[in-house]
Amino acid sequence: MIPGELGEAMEVRLLLWCKTEGQRLGTGDALLEFETDKALVLVAASQPAVLRRCFFREGEWMKPGDMVAWLSDEPGEPLPGEAGARAEDLLVDFHVT
Amino acid sequence: MPKVFFREALTRAIAEEMTREPRLFLLGQDIAEHGGSYAETRGLLERFGSARVRNTPVAEAMTIGFAAGAAAAGLRAMAFITYLDFLLLGLDALVNYAAKLHFKSGGQLSAPIVVKATAGAKGQGPTHAQAIESWLMNVPGLTVLAPSNAGDAYGLLKSALRSPGPVVFIDHKRLFPLGGFVPDQEELIPIGTAAVTRTGRDLTLVAHSYMSVVALQAATQLSAAGIEAEVIDLRSLWPIDWGTLSASAQHTGHLLVVEEGQVVCGVGAELAFGLRERIPKLRIGRLGARRLPVAASPVLEAYTIPGVQAIVHAAHGLLGERGWSGDL
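Protein chains in written order, with the working numbering: chain U, 1 to 97; chain S, 1001 to 1328.
Next comes chain S alone, as it looks inside the complex (with noise of 0.2 Å):
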């Protein structure tokens, strides 16, 4: 298995795709010459040709407007938005057409169009590091996925090239300087399968995108105090696998949800009461950021997101071993 970095798997899925499949094309800032904003299209117009790789102004409305439109017309387009945030501006055109047009036209015209975006937060303030991906899963018709490493997006993006409706791939800025391991061969993930990250009988610990790799280290430290958590890393936000969630804490009979963005109609805020509902015993943690707009300043950050100690503190609680009143 090659090791690459984490945009490196991306490059692979998309240029991977765009051979298989001549009517897939790209659009975004800066994805032609320069090479993505995270280096991630690297390449690509060199090997694809400026009709398939095309910059778009700074007008997020309109790249997504024109990604669903040109899907609608019979192409398949993935639309790269630099920053989470920026998607606000293209919400109109995501949630209002793409998601909707399979329904509105009775199954006669769909939006196969891949949005990625990049959240969370590395020192780029209120506007620009936000995980806000919950709010996409309230809509029908939407597929979000957020992988956690290198190996995960590449399949996953795969998947999502592939798929028939409109999907928004949200990556991390945090992930990027991560090294990953992607498959010899050509292999997809399918949408809607989480992965056990590591098994555990006491606690199941869920999380997604970078907050995945935040929660195995969680759980090693869990594990030199006693504590053996299962991670679950979801992977695909909008379907569920409740599935496998479902059998991980039936077994645990504890669950602690962990999230980059805020507990309020969280992730964690339908995956713990969709578990509960299953579960009716279920003991539940939930833990998310503080209730503030992200500071820039590194130290302000790291108050405001949950980080390793977050969580060992609340899987403790959790599970009655400490007073724990479950405001972090």
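This is chain U alone, in the form it adopts within the complex (with noise of 0.2 Å):
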């Protein structure tokens, strides 16, 4: 999710999938980079994980709170929505440089 702590910046755009759908993630890499009116942002992984939904597409814009994707231990993980999903699904942290 785009954190609602980015405040100022109410409108952000999405500048870059560093990953594809169905990619591995490893602490550190990088995810995305989307732009705010100051800056840009790359945003990398905080932990291994797998991408398995993308919701925006570079070029498209997105505001604090919204969902930008699910990411999940393993590769083969059922969604949120699908069969045997998790009650609960958590937010990561990521970093942001």
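Warning: the hint list may mix true and false statements.
[What the hints assert, rightly or not] Label pairs and their in silico Cβ distance ranges:
#1 S:V1299 - U:S46: 32 to 40 Å
#2 U:K63 - S:M1001: 13 to 21 Å
#3 S:V1308 - U:K63: 14 to 22 Å
#4 S:P1057 - U:T97: 27 to 35 Å
#5 U:T97 - S:Y1303: 34 to 42 Å
#6 U:E60 - S:G1125: 20 to 28 Å
Simulated from the structure, these hints should not be mistaken for lab results.
Note that the Cβ used here is the ideal one computed from N, Cα and C, for glycine as well.
Two chains, two separate frames, one set of hints: put the complex together.
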């Protein structure tokens, strides 16, 4: 999710997905880059994960609170809405530079 | 229609006009390699070169004096003043020289300059956050523009850069984080035209710059309470689009003017009286900042400047639906 703490930046533009759906991320791997009115922000994984679903395309605009992507620990893990999905999904932290 | 950041609308307008007009050059603090205080001149140095994109020292009087002198000598200049508060240092060159040159020279000379300055409160405190654009409306010979979105900023800045006389182009710190739509093709917005951004029958709500964004939010709330506000975004503080304002005020019979600056001798004071002269039975409310310097504290800043609730409250009061003292 785009963090609400971005505060002043009311809208941001997705510039680049560094991974495609199905690809694995190691700790520290870049996931995506977005742009605020003032800065370019690179979002990197803080733990290993698999990128499962991207909800925005490059060039699209996002707001704080928007769900950007789903990640899972394993590639075959059921996603929300699928049979066997976990009752609760966790938000994980990312490194932002 | 592409969606862009506010700064990108400015960059596009400037780049198009610099391409069209080789005599146009830019000057201001950090506008060259750094790309401007708001990144609004990013890429222009590389594109147009250091003779046309010039850094200046922290010396606003010199910046505007230099721009006005160069313009009087045949160039066109756009000067960047980081905060509107700092324009005070350059007022002599702007008011006493640039604005009067055409009149003093019997029309032989003019100073085609655009001074861009950023107004408004966003945590910067008493001397970096003022909305003092109404002061400029008092100067004969000066055009004053204050758009509220990327599309209008693009079209108005292009008109300003072609204008024969000095123009002050005022944007707002809270507009920069917003995305907005600009036309696919080159398009100009004529100076002196307000925009009706929402139609309504019950009252006319007039604002400019970021307060136009707040006014639209207030209109949405009022609508939920059964009050339909017509919202007019001034865009041009001078000249004033009396035609659009009068038509709306005549239609609704109620006028509420809202601004981020002071009520005393404010933008709204001029609008209110000018419209009362045209429509004697018009009921009028004025809303602006409390008579205080803008505080750096976000809590005190919000206390000082009208927000959505203050507008909603004032609208109810104006329509006689609640006791309203007129003093918020």
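Hints, verified against the model:
For V1299 (chain S) and S46 (chain U), the hinted distance range of 32 to 40 Å is satisfied, since their beta carbons lie about 34 Å from each other. Range check, K63 (chain U) to M1001 (chain S): Cβ separation about 19 Å, and the 13 to 21 Å hint holds. For the pair V1308 (chain S) and K63 (chain U), the supplied restraint of 14 to 22 Å holds, since their beta-carbon distance comes to about 18 Å. Taking 27 to 35 Å as the suggested C-beta distance range, the pair P1057 (chain S) and T97 (chain U) conforms, at roughly 33 Å.
Taking 34 to 42 Å as the suggested C-beta distance range, the pair T97 (chain U) and Y1303 (chain S) conforms, at roughly 36 Å. A beta carbon spacing of about 36 Å between E60 (chain U) and G1125 (chain S) contradicts the range 20 to 28 Å that was offered as a hint.
Checked against the numbered hints given earlier, this structure breaks only hint 6.
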